[in-house]
Amino acid sequence: MEDYLSLLVEYDVLGAFWVNIQLTLWAGLWSFLLGTLLALMRISPIASLQWLGAAYVNVFRNTPLTIILAFGFLGLFGQLGFTLDEDLNVSLFRIAILGLAIYHAAFVCEAIRSGVNTVPLGQAEAARAIGLSFMPAARLVILPQAFRGAIAPLGNVLIALIKNSTVAAAGSVAIETSTVMKEMIEFRSDVIYPIFFTFAIGFVILVIPIGLLTTWASKKLAVAR
Amino acid sequence: MRTTRYAAAAMAAAAALTLSACGGGGESGGEGGGEGGGEAGGETVRIGIKFDQPGLGFDEGGSYTGFDVDVAKYVAGELGYTEDQIEWVESPSANRENMLANEQVDMIFATYSITDTRKETVDFAGPYFIAGQDLLVPADSDISGPEDLEGKNLCSVTGSTSATKIKEEYPGVNLVEQPGYAECVSVMASGAIDAVTTDDIILAGLAANAESGDFKVVGNTFSEERYGVGLTKGSELCSDINAAIEKMIEEGAWEEALQNNLEGVDYEPNAELNPPTPDDCA
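If you read the protein sequences in the order shown, they are chains A and B.
Under the numbering used here, the first residue of the first sequence is numbered 755, with each subsequent residue one higher.
Under the numbering used here, the first residue of the second sequence is numbered 2, with each subsequent residue one higher.
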């Protein structure tokens with residue numbers, strides 16, 4: 755037990771989780787914006803935009819996240835010299851956020867589209883009937899209802915994103931949890947199980963409230979029909 | 002009705018296939034473990050090595066090469082196993098202790114540094130080589146040691162001892178961590194990073210294997226890594242393995258294995274420490 759406690763002093767486990775939380779928040783924000791845009795493209799009346807949105811979703815949903823993040827490091831940074839900040843580690847952190855956002859935007863798009871499916875067709879027809887064109891109809895009538903119907907699936911995407919943020923190790927974000935866990939195991943193989951459970955429980959603590967919150971919110975905010 | 006019958010037939014066929022596959026596996030397993038006493042007999046020995054470290058433990062499409070592999074073959078030979086009786090198992094760094102504790106392997110030759118915390122869960126024979134942390138740099142680089150790395154980009158493997166040492170002792174270095182050394186070397190070839198760090202012998206193997214660009218090992222080690230043979234806690238093999246390592250060094254086979262595996266690289270292992278004398282078995 756003492757061995758294990760000394761470990762928590764020696765390694766910044768909370769700091770590592772904070773890095774994952776930051777990755778999640780930034781990637782969550784960007785993927786939400788990009789995902790909403792993609793969802794609009796997919797429900798828009800313009801065929802080429804529909805096609806583009808569908809192509810994006812199918813490409814990134816079916817590409818392993820590890821490959822996207824490894825490409826960010828090996829391809830964008832390693833071969834093309836692409837950076838997002840003068841400080842190397844900040845740059846790699848942002849490239850990892852970019853990779854996470856690009857990947858999860860595909861899932862956000864599908865979650866929002868599922869929300870759009872909860873909005874009866876009559877709503878769109880009514881919006882058209884009072885003279886709204888596509889964008890105002892989407893912004894004023896369809897999306898507000900769609901988001902409320904999409905809370906539960908969006909919560910699932912967020913939960914997946916939290917856990918997937920550990921893959922940022924492939925993009926050389928070296929201070930996040932999975933890296934710190936590897937480091938701890940490398941040095942303290944004598945307490946390998948306590949180390950593992952520390953991180954497993956840490957993620958459970960992060961994820962369960964989100965699940966509870968989104969379930970509650972999805973019931974509370976769903977549009978009653 | 003007809004579809005049900007077809008489904009049932011298909012399931013029966015699938016079950017039969019599965020069962021026969023099990024039977025086959027069991028049979029060959031039985032052959033392998035048949036012998037009990039005697040000098041190894043028809044048994045196999047499971048040896049854990051790295052599959053991704055050229056020059057040390059490397060999987061070349063099913064045949065295994067490298068210094069670790071050669072030492073393992075020699076030691077296994079001394080213990081009474083022929084090469085056919087060796088079953089090579091991949092043992093990545095993070096899994097080594099568990100693989101020994103769960104008896105998935107009998108011994109591990111995988112650039113496994115002897116440390117006190119590791120000794121609490123596993124036993125070690127050896128060391129059979131003493132490496133040191135060093136730098137791999139482009140051939141025309143003027144970096145001559147960790148002091149020259151201030152503000153430079155350095156690459157190492159995620160969570161490794163080498164990466165941690167840099168973080169602790171040289172905080173001014175931009176350290177990037179990748180899943181493997183191959184990634185580090187490929188990025189260094191394009192010029193985005195200035196150096197790669199880990200044990201000198203691993204770097205020498207990488208330099209020998211590098212396809213693009215010429216690299217050199219700086220040759221200014223700043224740690225001492227004593228590579229041991231990982232054994233299950235309480236294993237009785239330790240003294241036999243140590244005797245085999247000593248014999249290998251005396252016979253000159255150790256030197257030869259080192260030369261063969263690091264051919265064409267400008268690298269000399271630390272001559273004060275190598276070849277090492279194995280520790281006493283506890």
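No wet-lab data here; the hints were simulated from the structure.
Careful: at least some of the hints might be erroneous.
[Stated by the list, open to error] Below, a list of computed lysine to aspartate or glutamate pairs in the EDC-like style, where the Cα atoms sit at most 16 Å apart:
| hint | chain 1 | residue 1 | chain 2 | residue 2 |
| --- | --- | --- | --- | --- |
| 1 | B | Lys-168 | A | Asp-766 |
| 2 | B | Lys-234 | A | Glu-840 |
| 3 | B | Lys-74 | B | Glu-88 |
| 4 | B | Lys-153 | A | Asp-757 |
| 5 | B | Lys-153 | B | Glu-170 |
| 6 | B | Lys-166 | A | Glu-764 |
| 7 | B | Lys-168 | A | Glu-764 |
| 8 | B | Lys-153 | A | Asp-944 |
| 9 | B | Lys-120 | A | Asp-757 |
| 10 | B | Lys-248 | B | Asp-280 |
| 11 | B | Lys-120 | A | Asp-766 |
Going down the list of hints, with the structure as the test:
Taking the CA atoms of B:Lys-168 and A:Asp-766, the gap is near 13 Å; set against the 16 Å cutoff, the hint holds. Taking the CA atoms of B:Lys-234 and A:Glu-840, the gap is near 49 Å; set against the 16 Å cutoff, the hint is violated. Between B:Lys-74 and B:Glu-88 the alpha-carbon distance is near 11 Å, which keeps this suggested pair within the 16 Å criterion. With a CA separation close to 36 Å, the supplied pair B:Lys-153 and A:Asp-757 exceeds the 16 Å bound.
Taken as a hint, the B:Lys-153 and B:Glu-170 pair is honoured in the structure, with Cα atoms around 15 Å apart against an allowance of 16 Å. For the proposed pair B:Lys-166 and A:Glu-764, the alpha carbon gap of about 14 Å is at most 16 Å, so the pair holds. At roughly 14 Å between alpha-carbon atoms, B:Lys-168 and A:Glu-764 fall within 16 Å of each other, so this suggested pair holds. Using a Cα cut-off of 16 Å, the hinted pair B:Lys-153 and A:Asp-944 is violated, with the two alpha carbons roughly 34 Å apart.
Between B:Lys-120 and A:Asp-757 the alpha-carbon distance is near 15 Å, which keeps this suggested pair within the 16 Å criterion. Between B:Lys-248 and B:Asp-280 the alpha-carbon distance is near 14 Å, which keeps this suggested pair within the 16 Å criterion. Note on B:Lys-120 and A:Asp-766: the hinted pairing is violated, with a Cα-Cα distance of about 25 Å set against a maximum of 16 Å.
The structure fails hints 2, 4, 8, 11 (numbered hints given earlier, in ascending order).
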